[in-house]
Every structure is written in C-alpha cells, then in structure tokens.
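On the provided structure of chain X, position chain E as indicated by the hints.
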Amino acid sequence: MNDSVLRVEKLGKSFGAKEVLRGIDLEMPTGGVLGLLGANGSGKTTLIKCALGLLRPTAGRATVFGEDSWDLSAAAKAKLGYVPQEVTSYPWMRVRQVIAYTAAFYPNWNQPFVDELCRRWHVPLEDRVGALSTGQLQTVGIVLALGHRPQFLVLDEPVASLDPSARRQFLRTILELLEDEKHTILFSTHITSDLERVAQRVAILDDGRLRFIGELDELKDRVKRLRITSRHVLPASFAVPGSLRCEVTGSSATVSVANFDEHLAAEMRTTWDADVAVHDLNLEEIFVEMHDGASA
Amino acid sequence: MPPADIHFEVNPSSGLPIYRQIVDQVLALSAGGLLKAGDLLPSVRQVAREAAVNPMTVSKAYSRLEAEGIVRRVRGQGMEILPPSQNGTLEQRQRQFRETIEPALHRARQLGLNQKQIREVISSLLQDKQS
Chain X
1 MNDSVLRVEK LGKSFGAKEV LRGIDLEMPT GGVLGLLGAN GSGKTTLIKC
51 ALGLLRPTAG RATVFGEDSW DLSAAAKAKL GYVPQEVTSY PWMRVRQVIA
101 YTAAFYPNWN QPFVDELCRR WHVPLEDRVG ALSTGQLQTV GIVLALGHRP
151 QFLVLDEPVA SLDPSARRQF LRTILELLED EKHTILFSTH ITSDLERVAQ
201 RVAILDDGRL RFIGELDELK DRVKRLRITS RHVLPASFAV PGSLRCEVTG
251 SSATVSVANF DEHLAAEMRT TWDADVAVHD LNLEEIFVEM HDGASA
Chain E
1 MPPADIHFEV NPSSGLPIYR QIVDQVLALS AGGLLKAGDL LPSVRQVARE
51 AAVNPMTVSK AYSRLEAEGI VRRVRGQGME ILPPSQNGTL EQRQRQFRET
101 IEPALHRARQ LGLNQKQIRE VISSLLQDKQ S
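Residue numbers (the working numbering), protein chains in the order written: chain X, 1 to 296; chain E, 1 to 131.
Rather than coming from a laboratory, the hints here were simulated on the basis of the structure. Think of the CB as a built atom: it goes at the ideal place given N, C-alpha and C, for glycine as much as any other residue. Misleading hints may appear alongside valid ones.
Said to hold, decoys possible - Calculated from the model, a selection of chain X residues having no Cβ within reach of chain E, i.e. all distances over 10 Å:
1. K18
2. G32
3. A59
4. L125
5. D163
6. G250
Claimed, not checked - From the structure, some residues in chain E lie toward chain X, with a derived Cβ separation under 8 Å:
7. F8
8. P12
9. S13
10. L16
11. P17
12. L105
13. H106
This is chain E alone, in the form it adopts within the complex:
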C-alpha cells in the first residue's frame, strides 16, 4: 500500500520544536479521521525533503509516535497507524488530555470563572457530545 497522501505544515521558527509539530499533526489527522488505522505515514526522507528539515528531526517525531503507541514500525514498509484503542496507556492518554486542557483552565481563571462555573461549562460540553 502506498503511504497516505498527507503533508505536514512545519514552521521552523515557531517556539515549538519541529518534531513536536509533526507529532501533533499526526495526532490531529488521526483524530480528524484523515489518517486511519492501517495507513502508512510518508517516509522520513519524503517528509524531510518536502518540508526542508533535517531527516533526523522527522525520525525523532516518528520514534516519539511509536513510543506513544500511535504508530508501529512495519519492516520494509514504514510507519503504520495503529487502531485508537491501542493508542497508549490510559495514563498516557490522560496526560495528553491534561496538556490540552491546562491552558484552557488557565484562560478560564483569567476570565474570572470559579471552579463551579468551570465545571458547569465542561459538564454541558460533555452532555452535548453524548446526545
């Protein structure tokens, strides 16, 4: 199977390390359904050439994704996306969620919301998703 036709947007002058940008984009593409279980990521060389970044930086991103259980290395083929249920331990997934929500909570405090008011917002969001 040929690799998925995806392209990473890399901004070298962002404060976020390039490998992190690639990791985040793979996570976002899987969450959005553009990358599905069984899809292959483009090769390290291809990504490095397209984005004009060091191939070792792309390797680092892929290794990180492998360590987090998002992809697995298939000999002779490349990096394959794993089904979501295998995407990391509960602890890892909770840590990722914590990293996402921390800045939002910070913003909430800046807006002067107290704990009860923040909980109300989160509860109503959770209910929206269930219905």
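Okay, chain X solo, but in the shape it has when bound:
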C-alpha cells in the first residue's frame, strides 16, 4: 500500500540475549495521530528507533513512505520530523544559530512558521544551547522537528519536561497541523490525557508485544469496570470470562473486563442474581488495569 506512512511487519529487536521487541505489526495510514503507550522498558523507544532507521531490526522490517527504514532516501527524510526523548544539540551554538544550521538541511524549511513558534513558546534565541534548561532544550527540539512541517512527525515523550501551559500550547500546534488531514503523527507519551485529546488510535505495548491497537473510542467502549452486588455470598468459583482483574469480597465483586457488552452484564445479573453497575474508564485507568492485570 502506498498510502501507508509507516508500516511495521513482524518486527523484532534484540540487544544481545535481551529480546526487546517480539514481532510487532503496525500500520499508519496518512492523516491522524497514533498514540503509543507502554510501561517503562516495554520497547516504545526501540520501536520508534527501528521505525525511523536509527536502529537495525533483528527480525522483520519497517518502511516509511514505502521505503525501507534502514535505507531511507533524502527525499523521504525531508518529510520526516522526530523529537527524541532526550534532545541533543550543539552546546556552544546560540539557539538562533542551531535553527539556521538545521534549516539548511531542509528544502522546505518554513521560517515564518518557526519564527511564530519561537515567539509563541518564548524560545530564548540568543542564549547558548548549553545553558538552556531541560524544558527549554526540549522546546528547541520540537521547533527543530516542526520547522519543515513534516508529513510524518514522530514524538518520543516530547513533553515530559514541559510545564502544563507549554504542553497545552504544544498540543494546540499539533492539532493545527492536523487540520489539513495530510499530517500523520506517532506520539509516545505517559501523559494519557494528552493522548485522549489528540489521538484517534492508540497502540499499547507490553513487554515487546502489541497488547492493543485500534480506535481509542473503541477501547473506551470495550474496557469497563463492573461492580457486582449479589444477594448471596459469591462462591470461590466466581469468574468472569475475559476479565483483566477480579476482586471478590463476600457478596460483591469488582471486575475489569476487556470486552464489555450489554449481553455480558445481563448474563451476570441472572447467573449471580446480582446488580451490575458499569463504570466507564479513562485511558489512564484502562492502561493501569491492562498492565496490572497482566502482571497479576
């Protein structure tokens, strides 16, 4: 498919004996945001680096704009933007110089847009890069990655060091980019409320495997917490098919399920002679349920 911006097939990556990615399949069509979630050490950064050709996969392959990630043409790279987890730059240069230096690599550099971002985010243009705070350096990293308005933007924890107001500004800029439906963004973050604002799709990585990939709304419709209050003490055999987590105390139980539907609730009402209350979960709660449920 030529429409895919990113395509990852059976991707595996090991460092020595340590297997970090264990067969990832993932596809991103043009337009929209895919949020990447996962616990520390689940392989998010490794996946991103393999997808961008910064690390060589041990198995499978990744393509960007239809080209093998390990061997991207200059034309493909010119359409890519990447904000790494830790921005590295030239400490002895002034911010203004780093911007000019980076601009020279891109035929489509949009200086008015960069000026606007620097103004919006109060980027200290005359300061030396080495003297910037972590948050300021991250902001510069974002400006450098956005300067050519890349068709495919990859963000690896881009806002970890930004204050809430700067983060909101950043999100607004991302959302403006999306308005033409031509920009595609892969966004890895632990801040689930940011993903809930911008991502239509989410991928959840767990120990090198994809636990879920699909629509965020679908995930919220499917993962629910049920409170079951029976008129009798629940037996030791009490179980709910497809449950992530289950806690039973006497005649009541709290169960998280991965595949909720009304049918399931109705069945439980009759089977256990119980009231079943269904609670919606937000992305953070869903992540915790899936993660803790898996390790329990």
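Then chain E, alone, in the frame of chain X:
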C-alpha cells in the same frame, strides 16, 4: 446566518469518549431550547481549537448527530439543527430514552423498590408533566 454561540465542555479524561460528550451536549442544548431548529453548529475547526481536541473527533460527533437525524449538513454553511419531529425514527428515540432510564431503574432496584413501586413513581411523574 452565523453559527450559534455555544461552547462545548470537553473533559478528555472522562471515561466517556469525547465525540459522545459533544453529541450529548448538542442533545441537551436542543432539549433545553438553547439550540433551535435552523441554528448552525460552530465549525469543526472552531470547536477543535477551542476545546483543544482533534478535529477528526469533532467531525465524528457531527457525523453521528447527522446519522441520528439531529442535524443536517448544509453545503457551504455547516451543520443545521433539524426540527424535533425529524430527530430520528421512533425506534431511535426509544433507544435513546432506554439508555437514559436504564441507570435510573438500576438505582431503583438498589434502593429496594419493586416493580409496582417503580411504576408508581413513573406514573406520578408523567401526570405532573401533563397538568
């Protein structure tokens, strides 16, 4: 005509999908008379910018409202609120009502009310509305 001056309150970290929140608020605003037939909803871009959410999520909400017969797409203008009589088939409207009343019935059972007692409450409410 300019779009109606309404603002959506979106809470991204609620368990309720954002598009659902927008759909529900349009329904509530029409029910409360703040949105009347012929009013235009603010543009997708405006809502997305104001609430800082993905424009495609707002589009999804508007498409859902269109599919449910609450609004219609007017070329070059936007989404227009339809008169209530056209707001969905009887089946759709009954389904919406069912979704509203189900949690209330659940609560009633928790409170230990039996069917007869629940019916009494509903009947008295219906009578209040008629008078």
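Here is what the structure says about each hint:
{"no.": "1", "hint": "K18", "verdict": "35 Å, holds"}
{"no.": "2", "hint": "G32", "verdict": "6 Å, violated"}
{"no.": "3", "hint": "A59", "verdict": "34 Å, holds"}
{"no.": "4", "hint": "L125", "verdict": "27 Å, holds"}
{"no.": "5", "hint": "D163", "verdict": "16 Å, holds"}
{"no.": "6", "hint": "G250", "verdict": "17 Å, holds"}
{"no.": "7", "hint": "F8", "verdict": "13 Å, violated"}
{"no.": "8", "hint": "P12", "verdict": "4 Å, holds"}
{"no.": "9", "hint": "S13", "verdict": "5 Å, holds"}
{"no.": "10", "hint": "L16", "verdict": "6 Å, holds"}
{"no.": "11", "hint": "P17", "verdict": "4 Å, holds"}
{"no.": "12", "hint": "L105", "verdict": "11 Å, violated"}
{"no.": "13", "hint": "H106", "verdict": "7 Å, holds"}
This entry does not satisfy hints 2, 7, 12, going by the numbered hints stated previously.
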